[in-house]
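**Q** So the protein sequences, as listed, match chains A and B.
Taking the working numbering, the leading residue of the first sequence gets 1, the next gets one more, and so forth.
Taking the working numbering, the leading residue of the second sequence gets 1001, the next gets one more, and so forth.
Any given hint could be a false lead.
Computed cross-link-like contacts, DSBU-like style, restricted to lysine-lysine with a CA-CA straight-line distance of at most 30 Å [to be verified]:
{"no.": "1", "chain 1": "A", "residue 1": "Lys-94", "chain 2": "B", "residue 2": "Lys-1029"}
{"no.": "2", "chain 1": "A", "residue 1": "Lys-94", "chain 2": "B", "residue 2": "Lys-1035"}
{"no.": "3", "chain 1": "B", "residue 1": "Lys-1120", "chain 2": "B", "residue 2": "Lys-1029"}
{"no.": "4", "chain 1": "B", "residue 1": "Lys-1128", "chain 2": "B", "residue 2": "Lys-1035"}
{"no.": "5", "chain 1": "B", "residue 1": "Lys-1128", "chain 2": "A", "residue 2": "Lys-94"}
{"no.": "6", "chain 1": "B", "residue 1": "Lys-1052", "chain 2": "B", "residue 2": "Lys-1035"}
{"no.": "7", "chain 1": "A", "residue 1": "Lys-61", "chain 2": "A", "residue 2": "Lys-139"}
{"no.": "8", "chain 1": "B", "residue 1": "Lys-1104", "chain 2": "B", "residue 2": "Lys-1035"}
{"no.": "9", "chain 1": "A", "residue 1": "Lys-123", "chain 2": "A", "residue 2": "Lys-139"}
Just so you know, the hints here were simulated from the structure itself, not pulled from any lab data.
Keep in mind that this is a model prediction, so the values were computed, not measured.
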Amino acid sequence: MRLVRYTYPFRTLSNAQNEGTRSPWSGLESEIDRLFDTAMTDVGGSSPATRHFPIDLYEDKDSTYVRAELPGVSREDINVEMVDGYLTISASRKTTAVEGGDGERGFSFSRSVAINEAVQSDKVSAAYENGVLTVTLPKQEEVKAKKISVTVK
Amino acid sequence: MSLLSTFAPSLSRQAARPDRPADLGNTVKPRYEIKDTSDAFGITVYLPGVNKDGVDLTTEEGQVRILGRRAWRQPEGWTSLYRESADAAFELVLNHDNAIDVDKVAAELRDGVLRVSLPKHEAIKPRKIAVS
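Next comes chain A alone, as it looks inside the complex (with noise of 0.2 Å):
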């Protein structure tokens, strides 16, 4: 599978423009934004907001982390594989009968993340709180403390 950098679906990272929505312009700016969206939704063949989550990565001494931002998910919808170097994170769902339009929606999420250091495959553990998946990756012993000493002839 391609990565294909997050966005994030409005990303204004300015205070002013938050502020923005009485300007005079606002009509004109949003009928653009809508613009791009449109245009941009249609290079990546689906909308980005829908298939993709945002993933971050962080490392300590003794492990790799990997943080998805997936709001909304139950548990059981989430799926973690390690397989060959890659870590999988995807999250599914069927959509529930809408009736009087409370229904849940289905959705189908995947990414895959490589991971360079050797992973203890058997320790990796994953926890979900507040919308944001955190699966840690134990680093394996010898990676983790690795002294080589060459003599120098």
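Following the hints, put chain B in place on chain A, whose structure we already have.
**A** Frame of chain A, contents of chain B only:
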């Protein structure tokens, strides 16, 4: 246009709000959905990494303001290798035409999803008028 404003912030000519928390810094607009039923508006806002204490929901004249601060901070000793998410708080401001019964607004946060129900005012609900 938000792209343009990012390059040239002076284009947005709005003064900073006096009641805005000073430590808020830059914010990200979260992904959200609005549903309109006959007696309420339902807003679903995706706020990953935000817990109950981090959410601020304020309603004022013609405006609903949702603020979500992330509960998680990068622990000491963790180095980030690759980042896609932002540490910035989420902020969403929605304008409405005062057709909402502000006293009956209800909100629920579960697994990083905030669901807000904004009941419509009695006065604007569709009414059937009998013809005599």
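**Q** State for each hint whether it applies.
**A** Consistency of the hints with the structure:
This hinted pair checks out: Lys-94(A) and Lys-1029(B) have alpha carbons roughly 28 Å apart, not beyond 30 Å. Our distance criterion of 30 Å between C-alpha atoms is met by Lys-94(A) and Lys-1035(B), whose separation comes to about 20 Å. Among the hinted pairs, Lys-1120(B) with Lys-1029(B) is consistent with the structure: their alpha-carbon atoms are about 25 Å apart, no more than 30 Å. In summary, the hint linking Lys-1128(B) to Lys-1035(B) is supported, as the alpha carbons are separated by about 23 Å, within the 30 Å threshold.
Note on Lys-1128(B) and Lys-94(A): the hinted pairing is violated, with a Cα-Cα distance of about 39 Å set against a maximum of 30 Å. At roughly 23 Å between alpha-carbon atoms, Lys-1052(B) and Lys-1035(B) fall within 30 Å of each other, so this suggested pair holds. In summary, the hint linking Lys-61(A) to Lys-139(A) is supported, as the alpha carbons are separated by about 8 Å, within the 30 Å threshold. Annotation: proposed proximity of Lys-1104(B) to Lys-1035(B) holds, straight-line Cα distance about 17 Å (limit 30 Å).
For a cut-off of 30 Å, the pair hint linking Lys-123(A) to Lys-139(A) stands: about 9 Å separates their Cα positions.
Hint violations for this structure: number 5 only, all remaining hints satisfied.
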